[in-house]
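Chemist: One letter stands for each residue in the lines below.
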Amino acid sequence: MSATPALEINALEKVYASGLKALDGVSFSVEQGEFFALLGPNGAGKSTLINSLAGLVKPTSGRAKVCGHDVQQDWRQARRALGVVPQELVFDPFFTVREVLALQAGYFGLKASRPWQDEVLEELGLSDKADTRMRGLSGGMKRRVLIAQALMHKPPVVVLDEPTAGVDVELRQLLWRFAKRLHADGHTIVLTTHYLEEAESLCDRVAILDKGQLQTLQSTEDLLASHPWREIEVQLGAVPAELSASLHSDTVALSDGWYRWRLHKEHDSVADLLEQLRNSGAQLLDIRTREPNLEDVFLQLVGGGNE
Amino acid sequence: MNKTVTTMRFNSGGFWVLLNKEVRRFMRVATQTVVTPMVTTLLYLLVFVQVLEGRYSPAVDFSYAEFLVPGLIMMAVIQNAFANSSSSLLQAKMNGSITFMLIAPLSAFEILLAFVSASVLRGALVGLGVWAVASLLTDWNLLNPAWALVFLLLTGAALGLLGLIAAVIAEKFDHMSAFQNFVILPLTFLSGVFWSVKSLPEVWQPISALNPLLYMIDGFRYGMIGVSDFDPARSAGFAALFVALLFGLTWWMLHRGWRLRG
Numbered sequence: 001m002s003a004t005p006a007l008e009i010n011a012l013e014k015v016y017a018s019g020l021k022a023l024d025g026v027s028f029s030v031e032q033g034e035f036f037a038l039l040g041p042n043g044a045g046k047s048t049l050i051n052s053l054a055g056l057v058k059p060t061s062g063r064a065k066v067c068g069h070d071v072q073q074d075w076r077q078a079r080r081a082l083g084v085v086p087q088e089l090v091f092d093p094f095f096t097v098r099e100v101l102a103l104q105a106g107y108f109g110l111k112a113s114r115p116w117q118d119e120v121l122e123e124l125g126l127s128d129k130a131d132t133r134m135r136g137l138s139g140g141m142k143r144r145v146l147i148a149q150a151l152m153h154k155p156p157v158v159v160l161d162e163p164t165a166g167v168d169v170e171l172r173q174l175l176w177r178f179a180k181r182l183h184a185d186g187h188t189i190v191l192t193t194h195y196l197e198e199a200e201s202l203c204d205r206v207a208i209l210d211k212g213q214l215q216t217l218q219s220t221e222d223l224l225a226s227h228p229w230r231e232i233e234v235q236l237g238a239v240p241a242e243l244s245a246s247l248h249s250d251t252v253a254l255s256d257g258w259y260r261w262r263l264h265k266e267h268d269s270v271a272d273l274l275e276q277l278r279n280s281g282a283q284l285l286d287i288r289t290r291e292p293n294l295e296d297v298f299l300q301l302v303g304g305g306n307e
Numbered sequence: 001m002n003k004t005v006t007t008m009r010f011n012s013g014g015f016w017v018l019l020n021k022e023v024r025r026f027m028r029v030a031t032q033t034v035v036t037p038m039v040t041t042l043l044y045l046l047v048f049v050q051v052l053e054g055r056y057s058p059a060v061d062f063s064y065a066e067f068l069v070p071g072l073i074m075m076a077v078i079q080n081a082f083a084n085s086s087s088s089l090l091q092a093k094m095n096g097s098i099t100f101m102l103i104a105p106l107s108a109f110e111i112l113l114a115f116v117s118a119s120v121l122r123g124a125l126v127g128l129g130v131w132a133v134a135s136l137l138t139d140w141n142l143l144n145p146a147w148a149l150v151f152l153l154l155t156g157a158a159l160g161l162l163g164l165i166a167a168v169i170a171e172k173f174d175h176m177s178a179f180q181n182f183v184i185l186p187l188t189f190l191s192g193v194f195w196s197v198k199s200l201p202e203v204w205q206p207i208s209a210l211n212p213l214l215y216m217i218d219g220f221r222y223g224m225i226g227v228s229d230f231d232p233a234r235s236a237g238f239a240a241l242f243v244a245l246l247f248g249l250t251w252w253m254l255h256r257g258w259r260l261r262g
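Protein sequences, first through last, are from chains A and B. First residue of the first sequence? That's 1 in our numbering, and the numbers climb one at a time after it. First residue of the second sequence? That's 1 in our numbering, and the numbers climb one at a time after it.
Note that these hints are calculated values from the structure, not bench results. Using N, Cα and C, we set each Cβ at its ideal position, and we do this for glycine too. Possibly wrong hints are sitting among the right ones.
Unchecked claim - Quick list of simulated restraints, FRET-style, between CB atoms:
id: 1; chain 1: B; residue 1: Leu46; chain 2: A; residue 2: Gly19; range: 51 to 61 Å
id: 2; chain 1: B; residue 1: Gly248; chain 2: A; residue 2: Asp185; range: 42 to 52 Å
id: 3; chain 1: B; residue 1: Leu46; chain 2: A; residue 2: Ala165; range: 52 to 62 Å
id: 4; chain 1: B; residue 1: Gln32; chain 2: A; residue 2: Gly68; range: 42 to 52 Å
id: 5; chain 1: A; residue 1: Arg290; chain 2: B; residue 2: Trp16; range: 53 to 63 Å
id: 6; chain 1: A; residue 1: Asp24; chain 2: B; residue 2: Leu190; range: 52 to 62 Å
As the list claims (entries may be wrong) - No farther apart than 20 Å at their CA atoms in a straight line, the calculated lysine-lysine pairs in the PhoX-like style are these:
id: 7; chain 1: A; residue 1: Lys154; chain 2: A; residue 2: Lys180
id: 8; chain 1: A; residue 1: Lys142; chain 2: B; residue 2: Lys93
id: 9; chain 1: B; residue 1: Lys93; chain 2: A; residue 2: Lys58
Please work from the sequences and hints to get the whole structure.
Modeler: Here it is as structure tokens:
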């Protein structure tokens, strides 16, 4: 792993003219080669943070560096090191897909590389659309072009700002595969997403922003382990009338005779719960458990959880 | 890291690509951006010459049509140079594609230079087209080509810069239309396109003297037919000063990212 972090964000603050404090002293680093998730509810400051890195927003104070280059003082090099896939479906309707890719490479002072264009177009399933004007593409195709554009200058750090928002399952799978391939090729990937299972299955570390502040930054594994709950679901045959009164207070009745309990990993025992059920005269037909996922952790941290 | 980008002081590759894009943008719709303005200007020529020929000519030794042609060429340059930069930047703002330019390693100076160069090119192209068409109807004059070129370039640059300023300020096409109709159009019509400002009532003359486009058109007319109301060197000085002021203001707006970057 290289000594220079892919991203260094230090006490970054952004107060908009309206008075809205979108970033409130955010600090963290992303190492080169990481697959990093940036999560947070709407208005948490994720896009402001990304836009600060890309030069679309001027931070009020603090510093940010991309591969060691300050985004304000050393902005040309910082932008050269960063590829941003914007959240909105923005496009120039005048040009074809291939022209758009050539223009984007050109803005970075690079000659359009036909083999690289072809490779990216192929990977993203865009080969047969290369000579189609942007206005003639579907929303999903435009999303793919946005990703291709961000890669034309071969940036070491790629930021995907909610790339799978509003796309169908097939495209989401394709984008996941492509992101994994980029990561395997050595790119640092920063992903913001509303699909938490996406971050859980792809990312090494997760940062959660809320109200412009960093709530937590941990490895995905540690973050999940820090959530002390697990869910037990039991399907019961004969159900005694007094079941809900005699059992754990947070019993949730589901359909088809299934009941759910949330147990603390350290303080509650599955054996005790099953014993209680048996003692109450309930007939146990089936049992299943669910370990916490990132959504549980996320809700807990941003105030939507039960804790 | 690409060495040329790492050490560059001027992103010449990026500048040329942006300029090329801006030129291709208006050439893609050349009927709308080049041919239509030529036809419109030709209609002006036919109507005004038909009505005024023989009755009014501010320039001794030249017919009214010969006096009018330089004004019409400059009117085409003014309108098209403004339309090019203003519509391109505002469309990019409205459809969001400006993002691609703003996240690239392009400085305010490089962006400004590319947009203004494209405006000058479109203005010059339409102006030359008007001249070519007008030459079919009137005598062909180009007595001081160097002066004509100087004023053509200064006018294209000034209006390209004004177009950028308007596009940065505008938040919707309605704002741009207002700027075009309430600022650019009156300045154009009150700048000696159709007549000499010296023939205006006295009360209008000091007001017209504040109009920078007046000196540009007057200087260009000197370049073509050798007749002007003002000393062309002084007019060129005023025009250059005006361009320099607009350049400074536009650069400052783009450099600060005013209304473009958050």
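Chemist: Each hint needs a verdict: does it hold in this structure or not?
Modeler: Status of each hint after checking the structure:
1. Leu46/B with Gly19/A: 51 to 61 Å: Since the Cβ atoms of Leu46/B and Gly19/A sit about 58 Å apart, the hinted range of 51 to 61 Å holds.
2. Gly248/B with Asp185/A: 42 to 52 Å: 45 Å Cβ-Cβ, so the 42 to 52 Å window holds.
3. Leu46/B with Ala165/A: 52 to 62 Å: holds (56 Å)
4. Gln32/B with Gly68/A: 42 to 52 Å: At 47 Å between Cβs, range holds.
5. Arg290/A with Trp16/B: 53 to 63 Å: Holds, at about 58 Å.
6. Asp24/A with Leu190/B: 52 to 62 Å: Holds: the Cβ-Cβ distance is about 53 Å, inside 52 to 62 Å.
7. Lys154/A with Lys180/A: holds (16 Å)
8. Lys142/A with Lys93/B: holds (18 Å)
9. Lys93/B with Lys58/A: holds (18 Å)
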